[in-house]
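Taking the hints into account, I'd like the entire structure generated from these sequences.
Number of protein chains: 2
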Amino acid sequence: MNIYRIMRKVTLIAVFICSVTTLNAQEEVVGAIFKNALGSDVAYENLRILCETTEGRISGSPEAAAAVELTRQIMLGMDLDSVYLQEVMVPNWKRGEREIARIVSGHYGETELNVIALGLSVGTGADGVSAPVIEVGSVEELEELGEDAISGRIVFFNSEPDHGHYNTFDVYSDLVGMRFRGPAAAASYGAVAAIVRSATTAMHDHPHTGVTRYEAGGNNIPSVAISPVGAGVLSRQLVNDPGLRLYLRTTSYRLPDVLSYNVIGEIRGSVYPEQIITVGGHLDSWDNSPGAHDDGAGCMQSIDVLRIFLEEGIRPKRTVRAVMFMDEEISQRGGNKYADLAYINGEEHYFAIESDRGAFTPRGFSVDASVKNLEALQGLLPFFSPWGMHEIIAGGSGVDIAPLKNYYDMTLVGLLTDSQRYFDVHHSANDTFDQVNRREMQLGSAAMAAIIYLVDHLDLLEFSQ
Amino acid sequence: MNIYRIMRKVTLIAVFICSVTTLNAQEEVVGAIFKNALGSDVAYENLRILCETTEGRISGSPEAAAAVELTRQIMLGMDLDSVYLQEVMVPNWKRGEREIARIVSGHYGETELNVIALGLSVGTGADGVSAPVIEVGSVEELEELGEDAISGRIVFFNSEPDHGHYNTFDVYSDLVGMRFRGPAAAASYGAVAAIVRSATTAMHDHPHTGVTRYEAGGNNIPSVAISPVGAGVLSRQLVNDPGLRLYLRTTSYRLPDVLSYNVIGEIRGSVYPEQIITVGGHLDSWDNSPGAHDDGAGCMQSIDVLRIFLEEGIRPKRTVRAVMFMDEEISQRGGNKYADLAYINGEEHYFAIESDRGAFTPRGFSVDASVKNLEALQGLLPFFSPWGMHEIIAGGSGVDIAPLKNYYDMTLVGLLTDSQRYFDVHHSANDTFDQVNRREMQLGSAAMAAIIYLVDHLDLLEFSQ
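Chains A and B, in that order, give the protein sequences. The opening position of the first sequence corresponds to residue 8 in our numbering, with each subsequent residue numbered one higher. The opening position of the second sequence corresponds to residue 8 in our numbering, with each subsequent residue numbered one higher.
It should be emphasised that the hints constitute simulated quantities derived from the structure, not laboratory data. On a predicted model such as this, the values are computed, not experimentally measured, just so you know. Just so it is clear, CB atoms sit at the ideal spot from N, CA and C, and this is done for glycine as well. Careful: at least some of the hints might be erroneous.
Covered, in the sense of this in silico footprint (three residues per stretch, anywhere, with C-beta under 8 Å from a C-beta of chain B), are these stretches of chain A [as the list claims (entries may be wrong)]:
(1) 39-46
(2) 164-177
(3) 442-449
Have a look at the derived ranges for each label pair, beta carbon to beta carbon [to be verified]:
(4) B:ARG105 with A:VAL111: 48 to 54 Å
(5) A:SER89 with B:GLU35: 52 to 58 Å
(6) A:VAL111 with B:GLU318: 36 to 42 Å
So, in structure tokens, the structure goes:
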């Protein structure tokens, strides 16, 4: 064996040892990240405080303003390189008084129903409205029925969930179109109000709210969500008494937009500080709950990623930014403003990840990226499978980070979590702190910290600005 | 191309079409099983009834007897081929009055602690015991301290959980030795009582019970579990006041064994009726809770497997038996009796699966079998990954089916579920029906029905009697 071949062999062995060492070193860092998260109650405690002190932090509310200040103070106490606010004008819709819905039937008498106004709905006025009800199973059914059947009535959108999907987001997708588009469509046929079965997988008597969409200049009618149990009651009474009337009273209204903020904290990159990695959740919630899963948890997990980096001494090459986005639920102003400002300020964006599927056990990542970057991320699976994550798949990322795509050819990721329980609580009064399991939430923080560490450390992704 | 080659080609194509058709047909059946389970509230409702009517069904109790009759009646109403009971004598331990534990400290005054007697513990007598406390971090530490340090004292076993494990069963395994072996070891050094930190991943003020083991002829001392919060309080007070005394009062006692039953329902096999497939859970629970996750859910899921087979028209080749085992928590008499009778009666056992890790989202299967059968089961992964199950691994099966190994060379499987929340509720008063998510429980029924269908339909496993 000549000296050249020996040297080549030595080099190959050295490269092999190096790469194995590096892989092991990365596995060790990932392990340290998970163990750190599972050993820290900081994010869970922060979520408890957020839920207790800023319950109902819908955009424009004093509670949302308090949440801005709370998360700013939390990050100011963390030895970050910078903490700042981004101004954003947000909608200011108010629910008003507790809604009343009452069936008045010659056959059954009076029956109270649990309803909640949909976001952006107008009110009925203090006297309420009373009208006969027409039940439909879809928005399309309105067209078949036509204006004669609908005009002057309250349209009752009622469709049973298809429970057969594994992923409850698929169940929700089937249902949510009625909430988004139903009221505006009913208004266009002359309906006086709309009542929509809650988009939930649960069978209980809690209504689930959510925004409804109106075309610019379109007719806005009072629209409410009804609990699944209530929907069953109304539907059965309609079978036996089609002439029953529904009395509905809502006093929601909209005020002029107000100033609010995205809240940002960052660790400056040590090699490519100009390249930004975003990790975020949205700080606003619906006004009927503490918004524990949706999305207080995502915010506190995002801050926790920074805490883990600091505590584990992981100095990222790129700037890692935790962003609490404002106004995801109504108009997504925070996410759009963040992307607009990034572009205006000439920022470079490398990677973004959002946690907005509830603080449940993480199952993987949903990737909105080029095939090449998706495959690069899928190569990370061996780092995650020991931590119960087996799915790195193509799909949507998060509502708040998605606008970055308007300007950047980059990789966006959503944290995938166990979906089974999410729509039990989503947009309802049940979205409370006690529904969050400490360990499940901690694993979510760790998963996001780990993928950020890996893509940054390995310079894994292609991107162009 | 000659006729021979043409025929060969046609044959190959036919075989290919057949195998693809078969694979698709099996996928379809698996899909139908999952959709059936997700669309049926029967098992969830049965669990609700079990929890409401037989709360605290520890072996030997009237509640356990009621649970036997309830599950027998449920299966009698199901058009099964047979429903019957298996006699088994079970221990009859009684907790007595609510336990009292009170720190009496010159420094801190009196502090009440939440404790619960460990299963099989003797009582203190009506007057209770009062003694100084010595804290140890492990059973091994007793030996180092020796009899002089321990005699006449109450031994306080206190070890913080290592939260860094992903699987909470690993956290539990670290802790449970103190509960199993600690009190008997303390007794052998002359301790007057034992108080053990609850084996839980939660940080709350609920104590978690569980059985403690005594050697035959060994000294039995009063032993209780203390809540995690209480353990912290006691430990801190001991630091500042090592001379404090603990007053402990428990009135638990043991009565003679009583007759109870395993409850069995079966669908007779259409091809190999003599070959048995067992699916089970245990019907007894601890006396301090409705035992929703542990293991009412496992029982109702097992019955649900039969319901799914009947409703979907799946006629198994082998006899499929749902078994509600009695007395898992104290002495595992039901599981042992089932195996003994199987052998005595000359039964052939092909496959058994148990659900006793809580009704959480299923993650896969833990397989106790030959390498060949493990690999055969791992080949089924593509059927399960669309339903969120990615782990078919070597490991333990279930406490109740494990005794079958005493007589049979067969394949035993445990349903693996998401472990994050299990030890929040396990053996505590928190193990209530409201902690069970309908969909998570339904997926567990489906997972067991699907694997039974596949191993039976494909004749997948080697076995010998």
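Verification of the hints:
{"no.": "1", "hint": "39-46", "in the structure": "holds (count 4)"}
{"no.": "2", "hint": "164-177", "in the structure": "holds (count 5)"}
{"no.": "3", "hint": "442-449", "in the structure": "holds (count 4)"}
{"no.": "4", "hint": "B:ARG105 with A:VAL111: 48 to 54 Å", "in the structure": "51 Å, holds"}
{"no.": "5", "hint": "A:SER89 with B:GLU35: 52 to 58 Å", "in the structure": "56 Å, holds"}
{"no.": "6", "hint": "A:VAL111 with B:GLU318: 36 to 42 Å", "in the structure": "40 Å, holds"}
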